[in-house]
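Chain Y is fixed; fit chains W and H onto it per the hints.
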Amino acid sequence: MLLIHCPYCDETLPELEFAYAGEAHVDRPADPSALSDEEWRDFLFIRANPKGPHFERWRHVHGCARFFNAVRDTVSDRFLMTYKAGEPRPDISKLEEAQ
Amino acid sequence: MTTQTHDFTVIEGGTAPVRVEDMAPVARFSLRLREAHRAAVGQALGFDLPQRVGDVARAKARAALCLGPDEWLIHAPEAEAEAIAAAGAGAYAEAPHSLVEISDREISYAITGPAARELLTIACPRDLDRLATGRAVRTVFDTAQVVLWRDGEDAFRLDVWRSFAPHVRALLDAGQAELSAGF
Amino acid sequence: MSQFRIPGKGRVDHAETVSFSFDGKRYEGLRGDTVASALLAHGVHLMGRSFKYHRPRGPVTADSAEPNALIGTSRGAGEKEGRFEPNTRATVQELRQGLVAESQNRLGSLSFDLGAVNDALHPLFPAGFYYKTFMWPRSFWDKLYEPVIRHAAGLGRAPSKVDPDSYASRYLHSDLLVVGAGPSGLMAALAAARAGVRVTLVDENPEMGGALLSDPGIEIEGRPAWDWLSGALAELNALGVRLMTRTTAIGYYHQNMIGLCEKLTDHLDEIPEGAPRERMWRVRATRVVLAQGALEKPLVFHGNDRPGVMLAGAAQSYLHRWGVRVGERAVIVTSHDSAWYAAFDLAEAGSKVVAIVDTRATPPEALVSEARARGIEVLAGHTVTGTKGRLRVASVTVNPVRGGTVGAARLLHCDCLLMSGGWTPSLHLFSHTKGSLQWDAESETFLPGRMTEECHIAGAGRGVWGYAEALADGAKAGADAATALGREAEAITPDVAHDRPGTGESHKELPTDRKSHRVRAFVDYQNDVTAKDLRLAVREGMRSIEHVKRYTTNGMATDQGKMSNMNGLMIAADAVGKPPPQVGLTTFRPPYTPTTFGAFAGYHRGATFEVTRATPIDGWAEENGAVYEPVSLWRRAWYFPIGGEDMEEAVARECRAMRASVGIFDASTLGKIEVMGPDAVEFMNRMYTNPWTKLAPGRCRYGVLLGEDGYIRDDGVIGRLSDDLFHVTTTTGGAARVLNMMEDYLQTEWPDLDVWLTSTTEQWATVALNGPRAREVLAPLVEGQDISAEAFPHMSVAECTVAGFKARLFRLSFTGELGFEINVPARHGRALWEALMEAGKPHGITPYGTETMHVLRAEKGFIIVGQDTDGTVTPQDAGLGWAIGKKKPDFVGKRGLARPDLVAEGRKQLVGLMTEDGAVKLEEGAQIVLDPEQPLPMKMVGHVTSSYHSATLGRSIAMALVEGGTERMGETVHVPMPDGVVRAKVTSTAFYDPDGDRLKL
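Protein chains in written order, with the UniProt record's numbering: chain Y, 1 to 99; chain W, 1 to 183; chain H, 1 to 1001.
There's no promise every hint is true.
What the hints assert, rightly or not - In silico DSSO-like links for lysine-lysine, alpha-carbon gap of 30 angstroms or less: (1) H:Lys-52 x H:Lys-161; (2) H:Lys-860 x H:Lys-985; (3) H:Lys-434 x Y:Lys-51; (4) H:Lys-694 x H:Lys-894; (5) W:Lys-60 x H:Lys-806; (6) H:Lys-161 x H:Lys-388; (7) H:Lys-25 x H:Lys-161; (8) H:Lys-476 x H:Lys-434; (9) Y:Lys-84 x H:Lys-161; (10) Y:Lys-94 x H:Lys-434; (11) H:Lys-578 x H:Lys-532; (12) H:Lys-532 x H:Lys-388.
These aren't lab readings, by the way, just hints derived from the structure by calculation.
One chain only, chain Y, in its complex shape:
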């Protein structure tokens, strides 16, 4: 069971309070109907699935209930950082340096 830092509660808490919510920074297009079939396919189905740092969304569902973003290393299963929804994607190289 992991410990996850909720950026809204500013506390590191048991994973049991959280739920995974897919890859982060996949924004819903403003006008989906304007997208080609290929673009829509990419939005719906194509995900990064990296080996290493992964930008992903979590929800503190049994806590403050907020969705937030995280960078988790899929090899070590370690969270490199978490940040609030809407904040820009952090620079991975800087994160790895800080490790």
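Then chains W and H, alone, in the frame of chain Y:
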């Protein structure tokens, strides 16, 4: 032989080290709003609504717990339910928000006694030493979502959704039996 | 007193005898004994039979690593059979009054085991035996191979009765968790606790002290070891350290979460009222010190598994902890200094030490002189080439080794053979963390390498040997942990006198003069894997240690390879021709020792197996004989049988009564979400397919919710209470999921919308009243709302009072009849139900359950999301195209609906099916074909999603998803079933009252 030590005390004379009791119904509301209207709606309801998750504001017999950045849980005496709803409605045009009565959604248990904290550890994964007296949080108890209030060093309350309550109560009773038996 | 017990010696209570039985024979032991120590005190070494060859076996260890002495234990037969437990280690199970123990894995008696024929046939059971033997013929598998394997497989027998014990669990948060209370662990805990750290110290044994318990001659800080130990424990207690004995750290998980299993009652004569048997602790520690010590390795030679052959360290433990000499005449064979001390202690206690056989050419001179001074013969540079004795070792053959050549044999008579192949750090928990192992060339073993957790390793667990060094290493680890936790800590190094430091060598199988096919040198005792099996596996092409392990089953038994992994590696590496670090160890996995299912389940059994949600009206249903069905976590009234009705009869009666007069149904489980705010209508327009802008307050609409892929996710009736307030209902199972999805869009895609969501599922109890008499029953109870057809038409909603309770009243219908849904605060649900039952009496009001509800809705062709849809069904597929707001610029799923495969021809569409014979009911899930004569495999064009007998229509009805279904109206399709093909006609799904006239009441 080494004996095992626990950091709770079993009270002499057969008294259980922890009590679990059903609490009388209270008026409960879920309040949600934007930061811009926090002060106005808070004033209408009689609070300075707290901003930090887990903080509780109290005004006479009313309490407002900050559950999340845009969400508060209000507890008040039952008789005040209509007044609270009316106060919210009065402020709505100027300060739009959502104030929904949930008095019957949850029921509450009081858990008190020297082993109260220990009892909660049977199913609550949080470090309860880090929950200061006077604060409260939404968390889980086994697989049920709960709001856990700390009213004192040895005094807690659990708000549980009605249909989950028998399960939570059964676990608390099992844990209480262990503690009473000295295990 | 038994022959092998030394009066007054050990940590057992010589004043209190404890009686127990083993294989039906009564024995007496002492309080503090294990089953193994008590039997050894009576000279009993034979305690079990091996798994594959049924060879006689005795204990080789005095601890939880024991592979051989596995027993079944219970508190008696009959009623108490539920407390029977197989595969208990006799070396771990403490004696209690009346303990019943039995040996395992024997056919016949322990001393004459018919299964031992396997041993004589051993050339037939080489490595990979299963893979090679049970290949053919295919027909032998079901009748012969599988039953034989199933009979032979597994250790012990399963209990036949339900376990009457309870099991507990707790979470524990600690600044520092120290695993292992030997010298290093004790010092780590002391150093940290003195610095003010919140420490938990755990040990799997009944008492703390670790190796110190077996080495009382050591002096620490000028005090005998056991006095120092008492002082240390008293200080730890006084410092508030949580001391947990009989508590095994079974697994090390992410971010310093450690699973501990604490045994609470297995050692007690009687189980106290309310006491759980075991407790699983989930510990989250900021820092961890692993001080698990080291495991002694056996030596691998012919006959190394005979009862009486055991680890030297174990013999030393039996002597000092339990006051038991393991034999009268001992031979020691070792490659490590530590066994010499065991020999000296045993000689001191009165046993004859025949010889110390050391594989090293030149053991330390000091040890050799001390042996000579005690009159013990020393055979340096020797090997062991065999043992003899039927059920107990009687002699051992030793040979000198010069320049790799095995010299002439010599026979030594003995009744116990004490071996030591050196020590390997207990790497199991460290290995759980995926920390890397590092080969230490000097000690020829793996040590913990790179850490992945906030963890310190101390003492023999990282290759540190000797008490002075282990104590100092523990103190340093404790101080380091305290420093990391922000405390000022000091690592004190205690003075140690009479220390027993030592070194040794590692071996593959010992050199021998026997022909290789005649050597039975065991590496894994529990799975009967020999050195020869490992070499055969390599010869047959296994190169990876993981393959060697699986091919031979080395290290795969319940002891997790504690004794066999390192020896297995040395032999496999030699066979592969690579150095051990290049071959590597297999992975250790949790749990460290076998752990009961009860401990893992904890409170999750019986009534608290999982949450069972019940509605406020559930009590009434139970009192009135409802049969229940589970729906997600809820239990719902399925039907209400009267006077011995079966389900079909009850459902037919309920259906007819509702259509003829009035029925009442508990709909409280429906999900309910309050959508409130100035942008509520905009939010609804974006979430649901339907248009909401023109829905007037006081009106309702059936809403369809899609995913972005265009498939149906949920549905429900939604009422608009005011411009800014919607009362949304969801399916029972979809409530949490829908709220989560809505919150997701609001928080992350449309944070600009001024609208908020609140779950009110459990705020309201919901009662559905349906049937032509529904209004007559309800009207007298309603205040504040005219519910006449004119004032309150179909699909209306109002806030009013019903039966004196504040209510939200809907007029809607999921049955096709005049219908109302009354929501009142949950606490009043049952009172409302009872008021309606009373008011409905004159009309024969009939309560109905979910099965009748399903039939009634199917008669109308209303879908159940999740039954008639499966995540690949669009609104058009389901005949709900009318619910799409085509003029809306966007909604969730709009773009998805235009995907090429969603607009393609030939999609599966929901249609009605009428069997040609109305008495035949199709089976839900049955596949549909167009041509039943086609060759196998047939082309399946769809499947039945719902199927019922309709009492209203007097025949069966079904719904099905069929390729191009809407184009096939009137066609006949075929449903092949085991007892013949059923013919059915494709129809509309509106089987009953297709024009909806019955709603116009």
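Comparing the hints with the structure gives:
no., hint, verdict
1, H:Lys-52 x H:Lys-161, "holds, 27 angstroms"
2, H:Lys-860 x H:Lys-985, "holds, 17 angstroms"
3, H:Lys-434 x Y:Lys-51, "holds, 17 angstroms"
4, H:Lys-694 x H:Lys-894, "holds, 20 angstroms"
5, W:Lys-60 x H:Lys-806, "holds, 27 angstroms"
6, H:Lys-161 x H:Lys-388, "violated, 42 angstroms"
7, H:Lys-25 x H:Lys-161, "holds, 24 angstroms"
8, H:Lys-476 x H:Lys-434, "holds, 24 angstroms"
9, Y:Lys-84 x H:Lys-161, "violated, 53 angstroms"
10, Y:Lys-94 x H:Lys-434, "holds, 25 angstroms"
11, H:Lys-578 x H:Lys-532, "holds, 18 angstroms"
12, H:Lys-532 x H:Lys-388, "holds, 20 angstroms"
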